[in-house]
Amino acid sequence: MSTAAVTDKRPSTLRAASLPKWTPWAIAAGSIALGLGISAAAGLDSKIQWALIAALLFILGTYGVAARVEGRRQAKDRVATSLVWVAFLLAVIPLVSLIWVTVARGVKVLDIHFLTHSMGIVADTEPGGGIYHAIIGSLEQVGLATLIGAPIGVLTAIYLVEYGRGKLAKAVTFFVDVMTGIPSIVAGLFILSLMLIFEMQPFGFAGSLALAILMMPVVVRSTEEMLKLVPNELREASLALGVPKWRTILKVVLPTSIGGITTGIMLAVARIAGETAPVLLLVFGNPFINNNPFEGAQASLPLYIYQQFANSAGSGAAYDRAWAASLTLIAFVMILNLVARGIARWKAPKTGR
Amino acid sequence: MAKRIDVSGLTAYYGSHKAIEDISMTVEPRSVTAFIGPSGCGKSTFLRTLNRMHEVTPGGRVEGKVLLDDEDLYGTGVDPVSVRREVGMVFQRPNPFPTMSIFDNVAAGLRLNGNYRKSELSDIVEKSLRGANLWNEVKDRLNKPGSGLSGGQQQRLCIARAIAVEPKVLLMDEPCSALDPISTLAIEDLIGELKERFTIVIVTHNMQQAARVSDRTAFFNLAAVGQPGRLIEIDDTERIFSNPSVQATEDYISGRFG
Chain B
1 MSTAAVTDKR
11 PSTLRAASLP
21 KWTPWAIAAG
31 SIALGLGISA
41 AAGLDSKIQW
51 ALIAALLFIL
61 GTYGVAARVE
71 GRRQAKDRVA
81 TSLVWVAFLL
91 AVIPLVSLIW
101 VTVARGVKVL
111 DIHFLTHSMG
121 IVADTEPGGG
131 IYHAIIGSLE
141 QVGLATLIGA
151 PIGVLTAIYL
161 VEYGRGKLAK
171 AVTFFVDVMT
181 GIPSIVAGLF
191 ILSLMLIFEM
201 QPFGFAGSLA
211 LAILMMPVVV
221 RSTEEMLKLV
231 PNELREASLA
241 LGVPKWRTIL
251 KVVLPTSIGG
261 ITTGIMLAVA
271 RIAGETAPVL
281 LLVFGNPFIN
291 NNPFEGAQAS
301 LPLYIYQQFA
311 NSAGSGAAYD
321 RAWAASLTLI
331 AFVMILNLVA
341 RGIARWKAPK
351 TGR
Chain U
1001 MAKRIDVSGL
1011 TAYYGSHKAI
1021 EDISMTVEPR
1031 SVTAFIGPSG
1041 CGKSTFLRTL
1051 NRMHEVTPGG
1061 RVEGKVLLDD
1071 EDLYGTGVDP
1081 VSVRREVGMV
1091 FQRPNPFPTM
1101 SIFDNVAAGL
1111 RLNGNYRKSE
1121 LSDIVEKSLR
1131 GANLWNEVKD
1141 RLNKPGSGLS
1151 GGQQQRLCIA
1161 RAIAVEPKVL
1171 LMDEPCSALD
1181 PISTLAIEDL
1191 IGELKERFTI
1201 VIVTHNMQQA
1211 ARVSDRTAFF
1221 NLAAVGQPGR
1231 LIEIDDTERI
1241 FSNPSVQATE
1251 DYISGRFG
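From first to last, the protein sequence lines are chains B and U. Each residue of the first sequence is one higher than the last, beginning at 1 in this note's numbering. Each residue of the second sequence is one higher than the last, beginning at 1001 in this note's numbering.
Fair warning: there could be bad hints in the mix.
Looking from chain U toward chain B, a few residues come up when the C-beta cut is under 10 Å (computed) [said to hold, decoys possible]:
{"id": "1", "residue": "V1078"}
{"id": "2", "residue": "A1108"}
{"id": "3", "residue": "G1131"}
{"id": "4", "residue": "N1133"}
Derived CB-CB ranges, DEER-like [unchecked claim]:
{"id": "5", "chain 1": "U", "residue 1": "G1077", "chain 2": "B", "residue 2": "N232", "range": "56 to 66 Å"}
{"id": "6", "chain 1": "B", "residue 1": "R247", "chain 2": "U", "residue 2": "R1141", "range": "40 to 50 Å"}
{"id": "7", "chain 1": "B", "residue 1": "L147", "chain 2": "U", "residue 2": "Y1116", "range": "40 to 50 Å"}
{"id": "8", "chain 1": "U", "residue 1": "S1177", "chain 2": "B", "residue 2": "K245", "range": "42 to 52 Å"}
{"id": "9", "chain 1": "U", "residue 1": "E1071", "chain 2": "B", "residue 2": "E162", "range": "27 to 37 Å"}
{"id": "10", "chain 1": "U", "residue 1": "E1071", "chain 2": "B", "residue 2": "Y159", "range": "47 to 57 Å"}
{"id": "11", "chain 1": "B", "residue 1": "W246", "chain 2": "U", "residue 2": "D1140", "range": "32 to 42 Å"}
{"id": "12", "chain 1": "B", "residue 1": "R247", "chain 2": "U", "residue 2": "G1077", "range": "15 to 25 Å"}
{"id": "13", "chain 1": "B", "residue 1": "R247", "chain 2": "U", "residue 2": "S1008", "range": "43 to 53 Å"}
{"id": "14", "chain 1": "U", "residue 1": "S1177", "chain 2": "B", "residue 2": "A87", "range": "43 to 53 Å"}
{"id": "15", "chain 1": "B", "residue 1": "L90", "chain 2": "U", "residue 2": "D1180", "range": "32 to 42 Å"}
{"id": "16", "chain 1": "U", "residue 1": "E1193", "chain 2": "B", "residue 2": "L147", "range": "50 to 60 Å"}
{"id": "17", "chain 1": "U", "residue 1": "S1119", "chain 2": "B", "residue 2": "L98", "range": "32 to 42 Å"}
{"id": "18", "chain 1": "U", "residue 1": "Y1116", "chain 2": "B", "residue 2": "G296", "range": "50 to 60 Å"}
Derived pair list, reagent style PhoX-like, types lysine-lysine, alpha-carbon separation capped at 25 Å [what the hints assert, rightly or not]:
{"id": "19", "chain 1": "U", "residue 1": "K1144", "chain 2": "B", "residue 2": "K347"}
{"id": "20", "chain 1": "U", "residue 1": "K1144", "chain 2": "B", "residue 2": "K251"}
{"id": "21", "chain 1": "U", "residue 1": "K1168", "chain 2": "B", "residue 2": "K245"}
{"id": "22", "chain 1": "U", "residue 1": "K1003", "chain 2": "U", "residue 2": "K1144"}
{"id": "23", "chain 1": "U", "residue 1": "K1127", "chain 2": "B", "residue 2": "K251"}
These are calculated hints, taken from the structure and not from any lab test. We put the beta carbon where it would ideally sit given N, CA and C, even for glycine.
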């Protein structure tokens, strides 16, 4: 008997029945319709319930159909795929709806006048006014905090990765971990206690100090990871050329990882730009423009948003201003992120011929 | 220019683990010396003690003497950075600096050490690239990143980078193990040219390569796993491959090892 004859008689082991490509969509449509139907029949009015029922039906349906046609392994694969998709949707829905709501409500009063005027002569309940003073305050406080926090954080990470051995390095790592968990209000209280000892009035730089405390551990962690990614071979190549260690770090290790370090710093900046609690304690808020962060109360964007909601006594104008300020804050953080990504791409190790 | 290396009673540790024990040998200037031996016998470790790169590894320390023309590399007050400027190194895997162009890679040693004149820089880069037989392939794209070159070209770029700082000795740690036969041939030819100017020490797993490029060959071995590696013998390459004085060398070379 020839081999060809044998293969002819056997069914192919490599091919199996498979569902057409549109099956997931059909099952999704079916389960949504069924979910809506069940909700209507049972008289459930919550919007979340029918979606949950539909999601459950979708996963069960996918498993059932696929197990019947394709076999159990493919069915499990499809269920895993749909779980990933459901998780993705669950993560994206709040994000998209948050941006949607903020943009929809924020654009009402967001214009040049809003960005270039303060609340100095406008009562919180009246329309008009703007966030110029809050933008100035935010930029100065976050900028100063970054000037303090980023260098200390990056240098600490360099110490931990390049030099740190033994007990001191372990202690530093431990305290950085502890600092990561400090609630922002505690950082604020810490600076406040110093302010009370020296009998000082609220001012912008005090807020910067608290923000720097919050920023440092984030910068240390991300920079540490980025420095660890730099291959040891590059360090050795540089050392073997007779380059001193500090120049190796400065000219080889840091340029190689600068993209990731910048991204880490920008994420830390984004984190502290939205902090309200320490600013409320230490900077206090001020409806007038104060350009000097070292003297007198200042405003900041998150604090402005909070105060517009809290002190407006239900006035629609104040709500609109709060939403517009939120939109500005999101845009500010987003622009920072885009800039960071730009720097990262520009500075990243070059590839290609 | 090229310098003689005199090693006596050298023992190297990783923490408490003794990696190589009591090695003594002489490496002649303007010659190629090859180190052969099974994996883990301490060839690379020994090579790295010759330019004080061993102590870069956490826990690495060295006992014994390494004389570079009568000057002890491990003497008191000797700066490892100055040692590494005299004794250059090429690594197993090509490792050009990814942030730098081809030109900057070759100029890196001079620039980072800061002792060069700007007018000389491009001459030195051209000379080094010619010295590494790479000039004709890259002269039109000196500003492109070094990581865009092929593996063999990258390794020659690393050799150009190492010889640009004019070391007296060039250490090569399995420079061809990641390369194809044609690139290997290019680098072997290059080693033949470079030995006119430098003292060259090369670690290799390829015995034909050791026989082709080296003037003297040293065979390393270890008694058992966990034991420190030792120098079994060092002799003229021809003698090692035809009539070695130790039975273990003959067994290893003829493949009757173990």
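Violated hints - listed by number, lowest first: Hints 1, 3, 4, 5, 6, 7, 8, 10, 13, 15, 17 and 22 contradicted; others consistent.
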